[in-house]
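2 protein chains.
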Amino acid sequence: MIAEYDRHLAATPAGEGRYDVEVPAGWAVGGGINGGFLLSLMVNALRDALPAMPDPLATSAHFLSASVPGPAQVVVGVRREGGSVATADVELVQGGVTRIAATVTCGDLDRFAARGSASDRSLAEPLALPPIEECFASADAPDEVKAFVAMLGRFDLRLDPAHAGWGGGTPGGTGVVQSWWRLDDGREPDVVSLLTAVDVLPPVTFDLGLPGWAPTIELTAYVRARPAPGWLRIRHATKQLAGGLFEEDCEVWDSADRLVAQSRQLALVPRPMPS
Amino acid sequence: MIAEYDRHLAATPAGEGRYDVEVPAGWAVGGGINGGFLLSLMVNALRDALPAMPDPLATSAHFLSASVPGPAQVVVGVRREGGSVATADVELVQGGVTRIAATVTCGDLDRFAARGSASDRSLAEPLALPPIEECFASADAPDEVKAFVAMLGRFDLRLDPAHAGWGGGTPGGTGVVQSWWRLDDGREPDVVSLLTAVDVLPPVTFDLGLPGWAPTIELTAYVRARPAPGWLRIRHATKQLAGGLFEEDCEVWDSADRLVAQSRQLALVPRPMPS
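So the sequences go chain by chain: A and B. Just so it is clear: in the first sequence, position 274 is 274 by UniProt numbering, and no numbers are missing. Just so it is clear: in the second sequence, position 253 is 253 by UniProt numbering, and no numbers are missing.
Isolated chain A, as found in the complex (with noise of 0.2 angstroms):
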């Protein structure tokens, strides 16, 4: 069985670096589709491209309108080929118009990891959670919420309850958002839907009242290592909010204990809603 999750990645070659795929309206968040998501599109048709350089080392996306769902193209332009990375530019459009514009440096982590093994080391601690079961389910969702946000659909989120009262309407002010999270079917994560895992929990004005949606400026990620299979842990930070923008850290760590994807992004606040 293809698991939902890869059957969304589908991309077709469409001939000169262009792919043909579909932005599912299953993993919407209200009117729009999760960020991360669309990365993870964006870079598996990468890899058909590049399949010499299957890791997404370092993406950067900068959005510049909303997707929709249903066809699109995934336009793929090597900027520079071997050595140890490549690079190239990668576009979803929908109808003639670029959605997201991102560059991609991509590498061979196995290669990496052969050569770099001496000066490896970790100066942060392994991500701590509470036990899965003590954490709020994203299956518990109110039946509105589950309407408003259908990528809830896709994959099981167990939210610390710490940084969760915000789901009671009592958000802790911590800047802080961090949970479990695995797809759904059993479909273990690869460095592929880390690009999702990065986006995927609320954003962390939830915690500090101010629920909405927060539409990305530019978001960049670092995958580090392949993630053993099992379940990620995720957390998202931010240290400020100035102007109507804020920034989001993100982590994500493996069921090895390893950090295996960063990310930050740069954020509008959601608005006030009309009272």
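Some hints here could point you the wrong way.
Since copy identity is lost for identical chains, a pair holds within one copy or between any two.
As the list claims (entries may be wrong) - Simulated crosslink set (DMTMM-like; lysine to aspartate or glutamate; CA at most 25 angstroms straight-line):
1) 239 <-> 190
2) 239 <-> 160
3) 239 <-> 249
4) 239 <-> 125
5) 239 <-> 6
6) 146 <-> 133
7) 146 <-> 184
8) 239 <-> 110
9) 239 <-> 108
10) 239 <-> 120
11) 146 <-> 156
12) 146 <-> 81
13) 146 <-> 4
14) 146 <-> 185
Hint data in this document are derived by calculation from the structure and do not stem from the laboratory.
Got chain A sorted already, so can you dock chain B onto it with the hints?
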């Protein structure tokens, strides 16, 4: 008097989004040129092309080949204009070869500040450094270091001794480097020089006993506010070295205790010296 830094940033419009610039030998680090300065050079030209959007909110850059001192062109391609932000591809080219491929989303921070103040808040403590006179001054670096790192003649750097043990051969292993910093000639910081600031300290690998040049693969910087006059405080930190790659996070604080810039870069761990 025009400050040396501004003379080094000079860009001459050459039509169709092209600007003639000169990569100054004065910003060399060994055989390379400081990447942050090159981003300032690129963004300074971009500001001429998009005068209504003077602030580089998000700059993401992939470093494709090594820049050398001498003539270069900055090539600006505007991707989207209108609304509160604009996005442009900005490249640094020498002899027909792209050195740096960047995408910049810019806007006007005054307009953002005017609409966003209700939600403004900081969740981070301003960077605390020892008094300037207790820090290690770049002016006191050994002559052979100054000869190798030409850019040390462009500014005044005052390293926190708590993370500068490597200077005396005893790296602290903290994965942190932090410093006061200001440009020569009393040239005050602005949004352009912040892009220099995020890459101007020695790499955090120095404090991990891994001295040497750490080539940047990708760097993304967010400018969060226009800096107040005076010294900047800069902190670099890393969480992980894996497969010969490390990430370096940067915060820049201004004299008014505001977090004015953030960046993260993915770089290659310096290779051990042959023994």
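Hint check results:
Taking identical chains as interchangeable, the C-alpha atoms of residue 239 and residue 190 lie at most 25 angstroms apart only when they sit on different chains, with a minimum of 21 angstroms there against 29 angstroms within one chain. With identical chains, the CA atoms of residue 239 and residue 160 are at most 25 angstroms apart both within one copy (19 angstroms) and between copies (23 angstroms). For the homomeric pair residue 239 and residue 249, the shortest alpha-carbon distances inside one copy (9 angstroms) and between copies (13 angstroms) are both at most 25 angstroms. Taking identical chains as interchangeable, the C-alpha atoms of residue 239 and residue 125 lie at most 25 angstroms apart whether they share a chain (19 angstroms) or sit on different chains (9 angstroms).
Within a single copy, residue 239 and residue 6 get their C-alpha atoms no closer than 35 angstroms, and across copies no closer than 31 angstroms, so neither meets the 25 angstroms cut-off. Within a single copy, residue 146 and residue 133 get their C-alpha atoms as close as 20 angstroms, which meets the 25 angstroms cut-off; across copies the closest is 58 angstroms, which misses it. Within a single copy, residue 146 and residue 184 get their C-alpha atoms as close as 15 angstroms, which meets the 25 angstroms cut-off; across copies the closest is 57 angstroms, which misses it. With identical chains, the CA atoms of residue 239 and residue 110 are at most 25 angstroms apart between copies only, with a shortest distance of 20 angstroms across copies and 34 angstroms within one.
Taking CA atoms no more than 25 angstroms apart as the test, residue 239 paired with residue 108 passes between copies only; the shortest distance there is 21 angstroms, against 33 angstroms inside one copy. Taking the closest pair of Cα atoms, residue 239 and residue 120 come within 25 angstroms of each other only across two copies (11 angstroms); inside a single copy the shortest separation is 28 angstroms, beyond that limit. In the homo-oligomer, the alpha carbons of residue 146 and residue 156 lie at most 25 angstroms apart inside one protomer (12 angstroms), although the nearest pairing across protomers, at 55 angstroms, exceeds that limit. In this assembly of identical chains, residue 146 and residue 81 lie within 25 angstroms of each other by CA distance neither inside one copy nor across copies; the values are 43 angstroms within and 35 angstroms between.
When the C-alpha separation of residue 146 and residue 4 is checked against a cutoff of 25 angstroms, the pair qualifies only within one copy, where the shortest distance is 18 angstroms, while the shortest distance between copies is 58 angstroms. Proximity of residue 146 and residue 185 under a CA criterion of 25 angstroms is satisfied intra-copy only: 19 angstroms inside one chain copy versus 59 angstroms between copies.
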